[in-house]
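**Student:** Going line by line, the protein sequences match chains Y and E. 9 is the number of the first residue of the first sequence in my numbering; add one for each residue after it. 97 is the number of the first residue of the second sequence in my numbering; add one for each residue after it.
Calculated Cβ distances over 12 Å to all of chain Y for the following chain E residues: (1) D185; (2) C268; (3) M295; (4) W301; (5) Q468; (6) E470.
Chain E regions said to be covered by chain Y (calculated; three or more residues, Cβ under 8 Å): (7) 333-347; (8) 373-386; (9) 406-412; (10) 417-428; (11) 476-482; (12) 486-495.
Simulated from the structure, these hints should not be mistaken for lab results. Beta carbons: idealized from backbone N, C-alpha and C, even for Gly.
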Amino acid sequence: MSRIFFVIYGVFLLGLTSMAEYRGWSWNRINQQRVLPKSIRDNPGAYRSSYGGYSRYIGGK
Amino acid sequence: MPAVQTKSISCPNCGGPVQLRGFAHTLTVVCPQCSSILDASTPEVQILQKFEQKTQITPTIPLGSRGKIGGTQYEVIGFQIRQVAEGEDNYTWNEYLLFNPYHGFRYLTEYNGHWNFVHVETALPEQTRARGKVAVRYEGKAYLAFDSMTAQTVYVLGEFPWRVQVGESVACQDFVAPPSMLSAESTGGEITWSLAEYMSGAQIWQAFKLPGSPPRVFGVFANQPSPYGGSIGSAWRTWLWLNVALAALMLFFMFISPGRVAYSDHYAYSQANKGNSAFVTPTFQLKGRESNVELSIHTDLDNNWAYFNFALINDQTGQTFDFAREVSYYHDSDGIEGSRNNSVIIPGVPSGQYYLRVEPEMETNSAFMSYQLELRRNVPNFALFGIAALLLLIPPIVTTFRRGSFEAARWRESDFAASIAKAGASA
Numbered sequence: 009m010s011r012i013f014f015v016i017y018g019v020f021l022l023g024l025t026s027m028a029e030y031r032g033w034s035w036n037r038i039n040q041q042r043v044l045p046k047s048i049r050d051n052p053g054a055y056r057s058s059y060g061g062y063s064r065y066i067g068g069k
Numbered sequence: 097m098p099a100v101q102t103k104s105i106s107c108p109n110c111g112g113p114v115q116l117r118g119f120a121h122t123l124t125v126v127c128p129q130c131s132s133i134l135d136a137s138t139p140e141v142q143i144l145q146k147f148e149q150k151t152q153i154t155p156t157i158p159l160g161s162r163g164k165i166g167g168t169q170y171e172v173i174g175f176q177i178r179q180v181a182e183g184e185d186n187y188t189w190n191e192y193l194l195f196n197p198y199h200g201f202r203y204l205t206e207y208n209g210h211w212n213f214v215h216v217e218t219a220l221p222e223q224t225r226a227r228g229k230v231a232v233r234y235e236g237k238a239y240l241a242f243d244s245m246t247a248q249t250v251y252v253l254g255e256f257p258w259r260v261q262v263g264e265s266v267a268c269q270d271f272v273a274p275p276s277m278l279s280a281e282s283t284g285g286e287i288t289w290s291l292a293e294y295m296s297g298a299q300i301w302q303a304f305k306l307p308g309s310p311p312r313v314f315g316v317f318a319n320q321p322s323p324y325g326g327s328i329g330s331a332w333r334t335w336l337w338l339n340v341a342l343a344a345l346m347l348f349f350m351f352i353s354p355g356r357v358a359y360s361d362h363y364a365y366s367q368a369n370k371g372n373s374a375f376v377t378p379t380f381q382l383k384g385r386e387s388n389v390e391l392s393i394h395t396d397l398d399n400n401w402a403y404f405n406f407a408l409i410n411d412q413t414g415q416t417f418d419f420a421r422e423v424s425y426y427h428d429s430d431g432i433e434g435s436r437n438n439s440v441i442i443p444g445v446p447s448g449q450y451y452l453r454v455e456p457e458m459e460t461n462s463a464f465m466s467y468q469l470e471l472r473r474n475v476p477n478f479a480l481f482g483i484a485a486l487l488l489l490i491p492p493i494v495t496t497f498r499r500g501s502f503e504a505a506r507w508r509e510s511d512f513a514a515s516i517a518k519a520g521a522s523a
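So that you can see chain E by itself, here it is in the shape it has in the complex (with noise of 0.2 Å):
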């Protein structure tokens, strides 16, 4: 925007002088000096309203501030500070109205560390619903019911391009579609409708070059879009991906991981043999790369438990793989517990030459059991699937769930808390 001259008056109250920067626009401008509201739109500047401003509020973007936003240059040139009492609370936030010679006025809004750009729209939005709820649509574009209100302007510096009073109150009403918000303002059965879209205070300090950082930002607004927006989406499919990939590498192992019988046997055991019961299986190899071995125990156990102690000791080396297993069977008229079967994979076993040392116990008086013992190299863990398949859930699940929390966060805020909220978290 070329250098603007800005127009200078005589405040009527202090003497004081007043820069016009909106020119015929400007109907009323606030004297820095006495804060006195001027009327500015004819060449006799009247006082409207005398204004004794306790205490001089610094607006954070000074006025006469140049910023760019959206590729247009504009000014600040006017602030007020709106204020809405909720019970014994009040909450204010800023208005910064911004002006451009050719595209007119526009204006910053910022509550809690969260901005908007806002617009002023001629057209009219149409009343609808939308996931069953109170909304208006407007360009296509359904947005919301969140909440209404009435605001109260407490607070005015600079130049207005309306008769600006402190003291004036207005009914207001918001609509969201994140990053947008529609608000409709009605003053003396005229209403006005703006449109909003978000813009964090890092955005606003790098239009307006702004010495150091933006203000904190608090909570959650109205249209402040989710970080975790469209992230759902994503994050699932990923994980159906991911899956894929997972039962591709399962196949490729129950390929190459056959699960040979490296030994079987079957063997007796009576109580009745007294001395010790331990014995050793004749050798066997165990080929190829270092891998696992599955040992399954298949019993004829009725209403009994035995107890197996096992040692798979290397021929050679004397590299021993020390497992115990347990196998219990029971049934009655109330049900079964336990199997006559049980099995342990060793894993990491070497390739080379093996003997198993078999070591059985039963109760006491336990009559005879007779059992096969079944050697098999390389089998696919389907267990290590199972638990990668559960840990490829956390992601999707943790961003659901912040989405979902970010959601609640906006609409509690909203005259529509709790009806709405699941509404927006499944957007």
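Okay, chain Y solo, but in the shape it has when bound (with noise of 0.2 Å):
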């Protein structure tokens, strides 16, 4: 692999670092839902989560 390729690729990475960093990129799965009523705010139980409903842990000692 020559040097010149590595030399790109690094500076490639370090870019792309410090663009996901700038932008606070994550590997998290987080689910964006737009335009929420105003209502949750004074009614909070009504929201339904996109994670309610699920299993949970079933684990432990």
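Once you've looked at the hints, go ahead and assemble the two chains, each given alone in its own frame, into the complex.
**Tutor:** Here it is, written out as structure tokens:
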């Protein structure tokens, strides 16, 4: 692998990392639900989370 | 080289014309018509060997071709094929005899598309050991023993400065220091040392202005220079500098992303409180550029678990980031499992006024849990730097691996195969 290729690859990687860091990217899976009604603030129980009703932890010692 | 006039003699066997290009240096010459080997050292040309060549072999570089190697022009005046028998297999290679009236003789050897420009040496190499192996030292350079064999001449064409005979055998020993190779040929108690320099087919084709393209290269030759030679050190040096740059970037982002607390509060959850556990926090400001937000959960769980549904909601636009986290902490005499704390980084959150919807869950009949939620803006994500550091490792590792594979392929052909492959790879 030539040095030039490595330098280009490395600079690209550093640039990508910088952009990811600057924009606050993350590997986490986050659901974005846009335009949620303002009524949620007054009635938080009415909102159904994307993760609600999923199977829960059943492990432990 | 000025145009050299050739001398012509008649073959005493078939009467055909035989050209001499090496003048007084030529001791034997092969008649191109009947393949008889003739003694050209005296005016009375005598037949040394009558040889019925079953097939007429045409050298890839025709006799009489002229080419410039290392700034000196040479003419191809002889050609021979030599053979090594290894068990039931026979390996052959081609040798071209080159001549320049002022510089004398040189040789070009070709095996499986690999070429070597060979010069007979007058000084003697000294026996030594290098990297714990048998070697010879010549002009300050150590050459590792590569292989030894008995080579037999099986075909000749053109003229030679020695009494060439089809069937004559010499014992050969090769020592390598790519791209050079020292070879010792011993016959009748006399040892001749020659130094070979590896050349590519393209170089030979260019030197002799041959039509078409050179024969395809097969395998790795004993003194073939590694295409990765020197690149390992360079790759790891580049890797080091890129890591220095990565560390500098990390420091920079630690400076511009201080991770300021945007919101923090303590809460309590009890299973005894019937009804929906969901609630919302007061609003808080997330300032600055679009960036991440880290939510940390600190609980006092003890042999229990809790599950949190979260929604980070923009109070003005309604944009919602929906996520969940589980916290579980168990311990007994065997040890500890899990943690009382957990965190999550929410990527790409624009600035604005937000609030958090929280919906904790716990196992039924669990008594009580108190917990703290803390939101930090602009948190350095060290995992990204870690991933970048891992990805930066790929090129030097690939280079090192390919260099090792190349050297392993070289030394597989050696009499010292397994024992020295490592030494070659580390060179």
